[in-house]
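Each protein sequence line maps, in turn, to chains A and B.
If you're matching positions, the first sequence starts at 80 in our numbering and goes up one per residue.
If you're matching positions, the second sequence starts at 13 in our numbering and goes up one per residue.
Keep in mind that the hints were calculated from the coordinates and are not lab data.
There are no misleading hints in this set.
Straight-line C-alpha distance at most 27 Å; calculated DSS-like pairs for lysine-lysine:
1) A:K159 / B:K282
2) A:K242 / B:K61
3) A:K230 / B:K635
4) A:K185 / B:K489
5) B:K636 / B:K609
6) B:K635 / B:K585
7) A:K185 / B:K636
8) A:K230 / B:K624
9) B:K489 / A:K189
10) A:K129 / B:K494
11) A:K104 / B:K282
Simulated restraints, written as ranges between beta carbons of each label pair:
12) A:E118 / B:E37: 40 to 46 Å
13) B:D531 / A:E136: 38 to 44 Å
14) A:E103 / B:T496: 33 to 39 Å
15) B:P629 / A:L85: 54 to 60 Å
Calculated Cβ distances over 10 Å to all of chain B for the following chain A residues:
16) S97
17) E126
18) T194
The beta carbon of each residue, even a glycine, is placed where N, CA and C say it ideally should be.
One-letter residues, chain by chain:
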Amino acid sequence: MDEEILTEEALILNDIRSHLTTFEKERGNLIPILQMIQEKHAYIPREAIKLVAEYLEIPVCEVYGVATFYNQFRFHPPGKYPIKVCLGTACHVRSGDIILENFERKLEIKEGETTPDREFSIERVACVGCCALAPVAIVGETVHGHMAPSKVEGLLLRIRIEKEKQEREKLTISGNN
Amino acid sequence: MTEEIHQLFNAIREEAEKRRNAFREAPVPKIHIGMATCGIASGAIETKKAFEEALAEQNIEAQIHTVGCVGHCYAEPIVIIDHPASGFPPVFYHEVTAGKAKMLTKLFLAEGDPRFEHVYGATEENELIPSVMEFPRFNQEKRVVMEKCGRIDPEDIYDYIAESGYSSLVKALQLKPEEIIREVQESGLRGRGGAGFPTGRKWELARQARGENKIIICNADEGDPGAYMDRTILESNPHQVLEGMILCAYAVGAGNATVYVRAEYPLAVKTVTRAIQQAKELRLLGKGILGTDFDLEINVFRGSGAFVCGEETALIQSIEGHRGTPQHRPPYPVERGLRGQPTVINNVKTLASVPQILNHGAAWYRSIGTESSPGTAIFSVVGSVVHPGLVEIPMGVTLRTLIFDICGGIPNKKKFKAVQIGGPSGGCLPADFLDTPIDFDSLTEAGAMMGSGGMVVMDEDSCVVDVSRYFLDFTQKESCGKCTFCRVGTYHLLSILERLTKGEGKEGDLEQLENLSLDIKNGSLCGLGKTAPNPVLTSLRYFRDEYEAHVSEKRCPGKICRALTAFYIDLDKCARGCDICGGCCPVDAVFSTKNRKKAIDQTRCVKCGECKVACPPDYQAVKKVSPPSLAPFIERPPKI
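Given only the sequences and the hints, what does the whole structure look like? Please build it.
And the structure:
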């Protein structure tokens with residue numbers, strides 16, 4: 080597993096290297112470059128910060144300073160099922176924090192972290208714009224409105240069951256072959 | 013010159029009208045689906061798919077028209093079906109799920125029965141179905157900025173032009189820049205970003221400023237965690253904003269413009285980028301706009317999500333590739349801004365108002381709203397109201413009208429407690445202010461602020477201390493760290509508030525909150541620090557008794573602060589053998605007593621309230637109390 084992750088990271092860095100050249104070497108491109116990395120790979124690996132600094136010929140600490148200043152950039156790879164809990168104003172007054180806490184308790188990670196098997200990650204986000212459905216959680220691309228602690232459990236259970244089902248199907252297919 | 017402009021534009025308008033008429037006159041039903049972020053979040057994509065499938069299955073011909081958002085969040089996904097052959101007017105349906113879509117296709121489109129039980133209203137006056145225009149949520153609004161939102165397809169420039177879009181640009185190109193500035197000045201338009209600086213004055217300063225490459229920036233870095241009108245406008249009608257930017261650029265003599273929009277708004281980024289492309293293709297943007305020698309390039313810069321970047325100097329820093337820290341003013345950006353050039357930074361709503369002003373005239377705009385704040389204001393009303401969503405009202409409407417008439421009041425027969433206006437920079441106003449007219453000056457006077465237009469309505473079951481803590485938590489995280497008072501002060505404010513909500517408040521805390529708040533206000537450079545203590549200061553002013561209850565009685569009057577509340581089960585009311593509370597408890601805190609009635613283990617309870625929701629209405633045995641000492645103690649029998 081560890082080796083797999085390492086090769087994956089090496090591939091990511093190579094990909095970043097090849098895309099850097101499409102940008103002009105201007106300070107104003109720093110944020111667009113970081114956004115490109117974040118969008119392509121969903122996080123900014125530690126080594127990538129050095130790459131960007133070298134490319135733009137600015138100190139590493141400057142790149143790090145900018146990357147950590149803005150909320151968009153994250154430094155951990157997200158899970159396969161990224162969970163975003165809305166803590167916008169409307170969700171807060173309808174106890175969005177309790178929903179967040181339930182996810183944290185069930186998955187045994189804190190907000191901003193990823194489970195060791197890289198299956199789930201939890202993030203808090205500001206308003207996603209469906210305040211009438213508050214409190215809201217987003218798993219992958221799907222918005223789940225009117226969340227409740229018992230729904231958290233059901234949601235995670237459903238994902239796990241579906242995953243097991245898929246794995247079983249994979250097994251039967253490879254078995255048939 | 014004038015003739016060429018008209019010639020070019022008339023060709024475009026004719027094309028737009030041709031397309032519009034072809035769409036209108038096609039003898040098939042039209043289905044309009046609201047597909048902005050909020051609609052999609054509520055399931056509009058599934059609804060659209062269901063319509064497409066059902067139409068194909070039943071072999072019905074119809075046109076699906078994807079539109080933006082009308083701002084009625086409570087009703088999403090919204091669908092308007094125009095089926096002239098049925099003899100009914102266009103019908104507005106709310107909460108149209110995939111199943112409802114299939115049902116409507118079969119029963120309304122195929123069989124001509126509009127299913128009255130699902131109808132919200134008709135969109136025009138008629139004798140069969142009451143029109144939505146009779147509802148207060150519709151008829152008390154005055155739409156200037158959002159007039160076309162939800163009516164046109166944001167991805168089709170011709171749809172906008174058919175609704176007289178870009179006609180004010182044609183008008184403006186025949187005027188002198190100074191005449192446009194004068195018109196905007198006469199209209200009395202004030203910046204909608206929150207502070208309310210006169211827009212015409214800003215443009216005049218920029219026009220007079222010296223610089224070769226003046227720049228326009230549209231500020232769509234909407235950071236307030238509860239406001240989303242800028243996103244809705246960009247997603248639903250991007251061309252009105254672009255038109256405003258072009259007018260502004262022409263007036264101040266700029267050749268470059270940037271839309272600074274949050275990267276968290278992917279749909280808005282996509283819609284604006286496409287809109288720019290379309291406008292360029294029709295020569296409404298780019299080199300030689302409509303045959304004149306006026307050039308303008310607009311690009312999109314995606315903000316990376318920092319609340320402080322809504323402040324103009326911080327925004328400029330971030331475009332230049334730095335951390336978004338505000339800079340000293342003067343020099344103001346209109347003198348020396350982005351890359352040292354004179355820069356006009358206007359909010360989305362401000363720019364979107366300009367085409368309307370030029371179209372209808374300054375006098376018309378002045379006739380809306382109040383003397384000192386003409387025009388309309390857009391609020392995103394959330395929290396305890398029946399009809400949350402975006403509301404555009406003339407300035408000067410009272411809070412009571414907005415909350416109780418337009419938004420339907422407080423649900424579940426609860427009492428109104430307070431309204432928080434202006435998000436993290438605003439303040440919390442009690443019921444005494446319900447008859448205050450809403451405009452820039454009256455809100456500032458009351459201690460709140462127009463700010464971003466976020467509005468949270470709180471009923472009796474909410475806690476002002478907790479809401480202040482929530483906003484302080486936000487501003488503390490978003491403080492850029494430049495000014496000590498803001499960086500350290502907000503941290504300290506937050507830690508006091510956290511102590512209060514945990515029941516660890518002590519004497520002198522409230523005085524310290526007050527003093528510290530004033531110091532932060534005085535010692536900070538930018539708007540973030542200057543306004544960050546507002547939620548605390550106003551709630552302290554109007555709800556001091558609640559703060560005192562937290563400090564001296566360790567009691568939360570709204571029963572919200574979790575450390576100060578407890579749940580218990582009233583044994584007289586609990587039904588023997590009903591296990592529903594135990595079944596839903598996420599932490600196994602519910603246990604059975606000797607006679608199988610239930611009780612709550614206070615050491616385990618996380619106070620999520622699930623059991624209270626789950627307990628059947630016949631029993632209502634779960635009680636919430638504050639302070640927690642009011643809950644009777646029942647010992648949990650040891651596990652066997």
